[in-house]
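Chemist: The chain contents come next:
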Amino acid sequence: MQEEPISRAAAALEHSDELALVQRAATEAEAFGTLYERYVRRIYNYIYYRTGNHHDAEDLTARVFQRAMRHVGSFEDKGVPFSAWLYRIAHNLVANWHRDRSRRPLVPLDDRAIQSGGQIHPETQAVAAEEEALLLTAVRRLPAERQQLLILKFVERLSNADIGRIMGRTEGAIKSLYHRTLNSLRDELSRSPSSNGAGQIASELGGDPFVSGREE
Amino acid sequence: MRQVSFSTRAGWNREKVEAWLQEALVPVEPKSGFVHRLRARLVDYRGRGVASPWMLLALLGAVVLFLIAAVNAAMRLIVALFGVVTAIRRQRRNRSRSPSA
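If you read the protein sequences in the order shown, they are chains A and B.
All residue numbers for the first sequence refer to the working numbering, where the first residue is 1 and numbers rise by one.
All residue numbers for the second sequence refer to the working numbering, where the first residue is 1001 and numbers rise by one.
Rather than coming from a laboratory, the hints here were simulated on the basis of the structure.
Backbone N, C-alpha and C fix where the C-beta goes; we use that ideal spot for every residue, glycine too.
Hints may contain errors.
Partial list, derived from the structure: chain B residues whose beta carbon lies under 7 Å from chain A [as the list claims (entries may be wrong)]:
id	residue
1	Val1028
2	Val1043
3	Val1085
Derived coverage of chain A by chain B (criterion: at least 3 residues anywhere in the stretch with Cβ under 8 Å from a Cβ of chain B; other residues may be distant) [what the hints assert, rightly or not]:
id	segment
4	32-45
5	58-72
6	89-102
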């Protein structure tokens, strides 16, 4: 019973420490460097799973931190962590990227899907890549905030409470959104044919397992 | 190897979807070269290089020195011009006083 107040106090302390660091980052490059080291991998992962390729993930991650550096002085403490602010910048840039890309469609090559597994049989490897493409296609058909929820939960391994703080929702709302997300994913996967589902969905979407998701 | 195979997809349930997501959505590591280069661009170059107070002070000092040098040169030029004009006038005056004139 006492664990919850303790964890809340720890979270509050962490938040105030981070706030002090953010205030220093407005004038001190080294403080901004500390924030950069803390969040660069998380932002990169978020963008990578939203865009589907490393090249664009690098480009957009660089833009997120350049923008953050320019505007860190105007960051206001509204009780949400600094990471929420960074994710918001990343979300906006990814949305712009999807908009630009829909005007001139490209077919990026996802390097995670073609990683060689050494002793794994090529056919098994191909099936695994196809399965992964199917799932990632289904994930990327979800609205942006559901994609963000899944990335924070599975890639970042954050708790519902932490996800709620980043996304500006209550823990209960996150649980509910997660439940609905899994249901819609399950429906989507059940609808696709079992034999060549991945291929069919991929071809439907122009051969790209990382086709742009809907923006909410 | 993947634990949950696509071939077992019949009768999807939440647990199966979750297990699949756990396998597919794994952290990816950005290239270390990219992380270091971006840090250098943001922190070392832009941070210390331009916005540092010492850099601004040095820039201000350079501007002040340049202005002093420019004013100095302008003053010397004006003095030199006055000298030339005075010399010409004196020459004319001497010519008008000479008996041959």
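Chemist: Has the segment 58-72 of chain A got at least three residues whose CB is nearer than 8 Å to a CB belonging to chain B?
Modeler: Result for this restraint: holds, n = 6.
Chemist: Counting residues of the segment 32-45 of chain A that have a beta-carbon nearer than 8 Å to any beta-carbon of chain B, does the count reach 3?
Modeler: holds (count 8)
Chemist: Does valine 1043(B) pass the interface check with chain A, least Cβ-Cβ distance below 7 Å?
Modeler: 4 Å, holds
Chemist: Closer than 7 Å between Cβ atoms is the bar; does valine 1085(B) clear it against chain A? Give me holds or violated.
Modeler: Since chain A brings no Cβ nearer than about 56 Å to valine 1085(B), farther than 7 Å, the hint is violated.
Chemist: Would you say the segment 89-102 of chain A counts as covered by chain B, given the rule of at least 3 residues with C-beta under 8 Å?
Modeler: Contact hint for the segment 89-102 of chain A vs chain B: violated, 0 residues under 8 Å.
Chemist: Valine 1028(B) was flagged as interface toward chain A. Is the shortest Cβ-Cβ separation under 7 Å?
Modeler: Nearest chain A Cβ about 5 Å off; hint holds.
The structure fails to meet hints 3, 6 from the earlier list, while all remaining hints are met.
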